[in-house]
Amino acid sequence: MGGGSTYARVFRSWDRSHDGFLSYAELERGLRQFPALQMMTADNMKSFMDYIECGGTVSGRVGMLEFVRAVIPRSVSTRIQQFMVRERLKPIWIARPKLHKLLVRCDPSGTNWVSLDEFKGCLNSVNEYLTEFGLLPLTALQIEAVCERVSKRGQVEYDRFLKGLHVIDADNVCV
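Letter 47 of the sequence shown, counting from 1, is numbered 47 in my numbering, and no numbers are missing.
Quick caveat, the hints were computed from the structure, so don't treat them as lab data.
Quick caveat: nothing in here was measured; it's all calculated off a predicted structure.
A few of these clues could be false.
Below are the SDA-like pairs computed for lysine to any residue, each with C-alpha atoms no more than 20 Å apart in a straight line [to be verified]: (1) K90 to S125; (2) K163 to R149; (3) K101 to L116; (4) K98 to R79.
What follows is a set of in silico ranges between Cβ atoms, one per label pair, in the way DEER data are often shown [said to hold, decoys possible]: (5) I72 to K98: 29 to 39 Å; (6) P73 to P35: 51 to 61 Å; (7) D43 to Y129: 47 to 57 Å; (8) A140 to A25: 30 to 40 Å; (9) R74 to T6: 44 to 54 Å.
Even glycine gets a Cβ: it sits at the ideal position worked out from N, Cα and C.
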């Protein structure tokens, strides 16, 4: 990858068949452009292909998202994931007063902590509320991802979670 190349541009340049996927041969040809990788064995190449594919559907070919996820630095990947989670949580932000009310009911002692199961139950209730208003609810997988991120030893500090929900109005950013 030369200076100024994006991961997507590199992917597209390696995709000689222009089908939106890298075959094993296309991936190998692209990787061999790097002097340090020219000595890789066929087994090493196959292992790398398997590594990339483990992030998506195993099909003997690699899509752009699988490729980018495998080659970007971990810190960039983490920032992208955080952005995507925030973006997907916007409907929860809209319904946060409802969510807060539900969570407080699960916390009669006022500790600001609920069990993970109670938190999931409250998110599922908010999903029903969102659906009633024509907003997209979180999927079960997204709820699991949120719970994994905010839980500590089977508990969720819900007040901290709710305060962490915020929306930045990008339309008002001056460039």
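Each hint tested on the structure:
| no. | hint | result |
| --- | --- | --- |
| 1 | K90 to S125 | holds (16 Å) |
| 2 | K163 to R149 | holds (15 Å) |
| 3 | K101 to L116 | holds (16 Å) |
| 4 | K98 to R79 | violated (28 Å) |
| 5 | I72 to K98: 29 to 39 Å | holds (36 Å) |
| 6 | P73 to P35: 51 to 61 Å | violated (20 Å) |
| 7 | D43 to Y129: 47 to 57 Å | holds (53 Å) |
| 8 | A140 to A25: 30 to 40 Å | holds (38 Å) |
| 9 | R74 to T6: 44 to 54 Å | violated (18 Å) |
Hints 4, 6 and 9 from the list above are not met by this structure, while the remaining hints are.
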